[in-house]
Amino acid sequence: MRRFLVRRLLFVIITFIGATVAMFSLTQLATDPRVLFVPRQGWGITQEQWDALTVRLGLDRPVVVQYFSWLGRMLKGDMGESLSQQQPVRQILMSKFGATLRLALAGWIIAVLIGIPTGVLAAVRRGTVWDYLGRSIAVFGQAMPPFWVGIMLMVLFGVVLGWLPTTGAGRGISIKHYILPAFTLGWYPAAALMRLTRSSMLEILDSEYVKFARAKGMGEWTVIWKHAFKNALIPPLTSSLLLMAGFLHGTLVVEYVFAWPGVARQALYYGVFTNDFPLLLGGVVVFVVIFLAFALVADIAYGFVDPRIRYQ
Amino acid sequence: MARVESEPQIAAHTTWMRRARETRIALGRWPVLPLAILAILVAVAAFGPLLAPYDPTTGDLGSRLAHPFTPGYLLGTDHAGRDILSRLIYGARISLIVAMVSVTIGFFVGTAIGVVSGYFGGVVDEFLMRVVDIWYSLPFLMVALVVVLILGQSFNVLLALLAVLAWAPAVRVVRGQTLQLKEMDFVALARIAGASPVRLMFRHLFPGVLNSAVVIATLQVGHLIVAEATLSFLGAGIPPPTPSWGVMVSEGRDYIATAWWVAFFPGAAIFLVVVAFNFLGDWLRDKLDPRLRQL
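Protein sequences, first through last, are from chains A and B.
Under the numbering used here, residues 1 to 312 are what the first sequence spells out, in order.
Under the numbering used here, residues 1001 to 1295 are what the second sequence spells out, in order.
Worth flagging that the hints you see were computed from the coordinates, not collected in a lab.
You may find that some hints are simply not true.
[What the hints assert, rightly or not] Chain B stretches covered by chain A per the calculated footprint, using a threshold of three residues with CB under 8 Å from any CB of chain A: (1) 1067-1074; (2) 1146-1155; (3) 1168-1180; (4) 1219-1233.
All values derive from a computational prediction rather than experimental measurement.
For every residue, glycine included, the Cβ atom is placed at its ideal position computed from N, Cα and C.
Okay, chain A solo, but in the shape it has when bound:
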């Protein structure tokens, strides 16, 4: 177990370094960040100002040095200052991150609430209309592009029925504002979770101990929920941790569609288009760290639950 943990942690560190190097190199290749300070092709800026800017942004040093000094400062919690907003990156990310996290959590809840019960139902009523219905929803659901689902939900519930607001997060925590974005975000993972729960449940229902529980005369309800369900839940729950990580990637599209005041749209999307590289790097680091953390927890949880996996 200890070797497994050490190995996994080492992988996380290597992946983190690789991912940040990749991102850092990409932003270096992007357009010159100095241009951001220059109003239209160098008008109104002297050579001295230009050189001072170069020094201030640290662009006069070799790229490798720039990377390591950035990494060192980042590990101390200093992500630098945003070029376009003149604010510390950490402050910008933290102010926007809550909305993204709440949206991801809401999406996760929706995915679990839809995916797991329908998966169990499809497995228990295998071969019936319920199974067929559940599986078709999963297959069709996975084929719908999320941005389109979001827009169609807006049309239906926002425009035609007028029940729900179509944009923004509202004031405070407004459940009404969360419904459509969370559903859009959770829709695709719900389908994946449903398939996973179904196959896991089918496997368990076929096992000896479930047959024994039935043979000794236990009620169907007890067999399914108390004996089978608990064990069948392991794969879907561990992979839903990965889904949670995937949500943070998926939020970009959902935040864009619903004009959500979250980190992906308000910090990163605009960061890309203004080549605000400190902001962009900071944001990507946060996303990568969260993804790696969830992947690590999912891996350890798997290893903990099923010791066979550890030795592979």
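Following the hints, put chain B in place on chain A, whose structure we already have.
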């Protein structure tokens, strides 16, 4: 008497049924509907200019946002008065080319890396697998946006990005299968017979992993079409006014309060095509490599 007469009829009926059933089992059940959708898609993409009633990029400003079933405009028009049906037809070409080219590149690159990684093992394998891990941990859309910012918004950049998206899943599966295959006797015998590593990988291992790679590639097409549409939707894919389905949805987003059809039809087209590809992929998987069911 009537009963006696009917007997040969029953016999004929049953032999006909049996024969039909035998052929059906031999062929498996063909995914007729998905294949039909894809055939229509390919035909539309190939003969688009002949089929489209209007030019996809010039609109009639006199008939902006016309409803579906308006005479002359079967699926209505968008904010610039461009015929949605014509734009869908031209968009089919874009979607199909982008998905096919990127999946082909991804298929060859991914399979090659997977076989090399599995065959050599050790440091090579470790390195390549870490690259795949790093790739999975990066938020793809962010990376794609940055790359588009650097290289500019163009068709070739989009193809390259999607090809990069397509290779990673193939690597993992192909590598796993190569690991199993290379322990088999026929590989050892080929090595004894003096086959070079390149020959071993190309002639002996590659055919063994081909089925899985084809299945993975087919199942990838749907994802790639959605990814292309998403990038175009976010303004980092096909540059407008070229009619891409993602761009069309994006343009329709601004008019949802008054004209739902502008965003609805391109999304529905994506949905239909992706469903068709997914069904085809599932069918191929069951035929060629049922082990991949877990995916």
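Checklist entry - Any hints this thing doesn't respect? Which numbers, in order? => result Result: hints 1, 3 break, sorted rising.
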